[in-house]
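Number of protein chains: 2
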Amino acid sequence: MADTVRMTLDEVRSLATEVFTANGLSPANAEIVAGVVTAAEADGTHSHGLFRVPGYVSCVTNGRVDGKAEPEVSDAAPGLAAVDAKNGFSPPAIVAGRALAVEKAKAQGIAALGLRNSGNLNALWWDVEQFAAAGLIAIAMSTTRSYVAPWGGNKALFGTDPFAFACPRQGKSPMGFDFATSASARGEIQVAARRGHAIPEGWALDKDGKATTNPKAALEGVQLPFGGHKGNALIIMVELMAAGLTGGAFCFEAEKRAVDHGAADSGPAHAGEVIILIDPAGYHDAFLGRIEGLFDSILAQEGTRIPGDRRYVARARSHEEGIDCPAALYQQIVDMKTG
Amino acid sequence: MADTVRMTLDEVRSLATEVFTANGLSPANAEIVAGVVTAAEADGTHSHGLFRVPGYVSCVTNGRVDGKAEPEVSDAAPGLAAVDAKNGFSPPAIVAGRALAVEKAKAQGIAALGLRNSGNLNALWWDVEQFAAAGLIAIAMSTTRSYVAPWGGNKALFGTDPFAFACPRQGKSPMGFDFATSASARGEIQVAARRGHAIPEGWALDKDGKATTNPKAALEGVQLPFGGHKGNALIIMVELMAAGLTGGAFCFEAEKRAVDHGAADSGPAHAGEVIILIDPAGYHDAFLGRIEGLFDSILAQEGTRIPGDRRYVARARSHEEGIDCPAALYQQIVDMKTG
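In order, the protein sequence lines correspond to chains R and W. In terms of the numbering used here, the first sequence opens at residue 1 and continues consecutively. In terms of the numbering used here, the second sequence opens at residue 1 and continues consecutively.
These aren't lab readings, by the way, just hints derived from the structure by calculation. Treat the hints with care, as some may be off.
When chains are identical, the list treats them as one kind, so a pair holds in a single copy or across two.
As the list claims (entries may be wrong) - Within a straight-line C-alpha distance of at most 20 Å, the following computed EDC-like cross-link-like pairs (lysine to aspartate or glutamate) qualify: (1) Lys-106 to Asp-75; (2) Lys-155 to Asp-296; (3) Lys-86 to Glu-70; (4) Lys-86 to Glu-320.
These figures come from a predicted structure and were not determined experimentally.
Produce the entire structure from the sequences given, and follow the hints as far as they go.
Written out as structure tokens, the structure is:
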């Protein structure tokens, strides 16, 4: 048996849809979440692609997330759209609130889409890119499960709380990025543990609160914010904005509520997310033209790149050649088709 | 002669107002900028206090900034207030646009205040704290002069581009922070150079693009983003938001335009800034109560603190005891009273 299985993106989507539908997701939710998985595979971010399918499923089968949830959209204020995800996954909630949020941003110049009671498992790039493709600047912040100690402390309190940004470009795919406000994503430590590699200093403390480069000790301990006190400040901002503002659970609240069913990627329940949307034409018409001057100036220096560009290279190749799924993971997912 | 001069905050304000008025600022602008200087001294951030008075003055006397500018406020969209600072300093422009921006945020739930053609010299904490004191969450981003290389490059392109956040609290002063998205503020390198200290690795490259811990070599070279590629992504976001969105100059454009008159702190001209304002009552009423649970959980861990709290400790002490100004700086400023 080969180590990997080559799949087209259509095959990724079909397989994920079938597995999700067989394991408690409604057809509508299965289609959306399968699209998120496929987009991650296409962009080369395999840690959020098929690798995460068992995690999505276990969330539903262990009852932490409702796979059949029907998100409820409400008009909170002229500039604020709200979605109660009804403890379903966040992508269907974003899809449900998208039209109202875009309409508000285009009418007011700025708006926000707030999600509460959602299960956030995907990389935030998917969340923001779709708004940038609709011509809006998007800034997203989301909570996750509680893995990260506050700066100076040594007990898990914050999530790896991602922050994402996307900006439309004229005649090009959006520019943007997403990253964990912790020093590393949890998945990076898990990968190091599996491969027996050390992790860099500054990523984590062990269970006794001592700095460690041992990934297994790190997984039993706590992760740290990125960039010292600046990253710590950003994590607190993400918690206040993604959970406090929207009415989602803070990471530490979600963790208290959740019984850990042993599924490492089973995600938070009742979490929150906020997406701020700005119409760049609101202030003046020259935005799209002017920003190309900034991008040109960056690329004029050797060794630089525009955030997001590596995704688009991977995406073009994936559409052409398909993607490679580790054979064991492929078999694990195929076996889930029967629910 | 003593090394320092003890001053009350009223004396700081009076001296700064008098010096600014004698050196080309209108009375209205002098009062506002002197208030910013006094607030920085009160909070213990002396690098943005009296230390910066000569820089404010030289900006005006060398013609880079118009000290008598009368900012022009416009209503760009239901959620967007715009201020053309008319190449004056940013604080008078913020004061000019504040009422309209607050009104919009409270009516729409979210709004933005965009500044263009402004000279941004102050720490952004002042910019956001006043909105949090008015009950709004505030996120600010601003450009500065061009000192920072893009990640992977070695030529100055970005500013030290600060990012700030402030959040109201019930019965307490706002929580918040501001920081340069470069690894250090420029002033920290200048201080190290004066004292003959080395700077940490990762802060700067020398003029040949090689990593350096020599502060003088760093000042001749370029600064680096904080937190590696994540900080680099944030700097690009700040440039796009603070300059691209508002119509202010990107740092590299401002630098091209500016003739350097040798005043290290003379600041950027025609710069931009954006302040996003959110009414936390927009989504639900429990915000102010719920966030105290987060702050309590942070402080329950030994060694932690809430961003901004050290400022308030310093502020209380300064109101009580006054502040100490280095004698040479005091004399330099007093000598400027005659213009």
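A quick look at each hint next to the structure:
no. : hint               : verdict
1   : Lys-106 to Asp-75  : both (15 Å within a copy, 15 Å between copies)
2   : Lys-155 to Asp-296 : between (44 Å within a copy, 14 Å between copies)
3   : Lys-86 to Glu-70   : within (7 Å within a copy, 51 Å between copies)
4   : Lys-86 to Glu-320  : neither (38 Å within a copy, 52 Å between copies)
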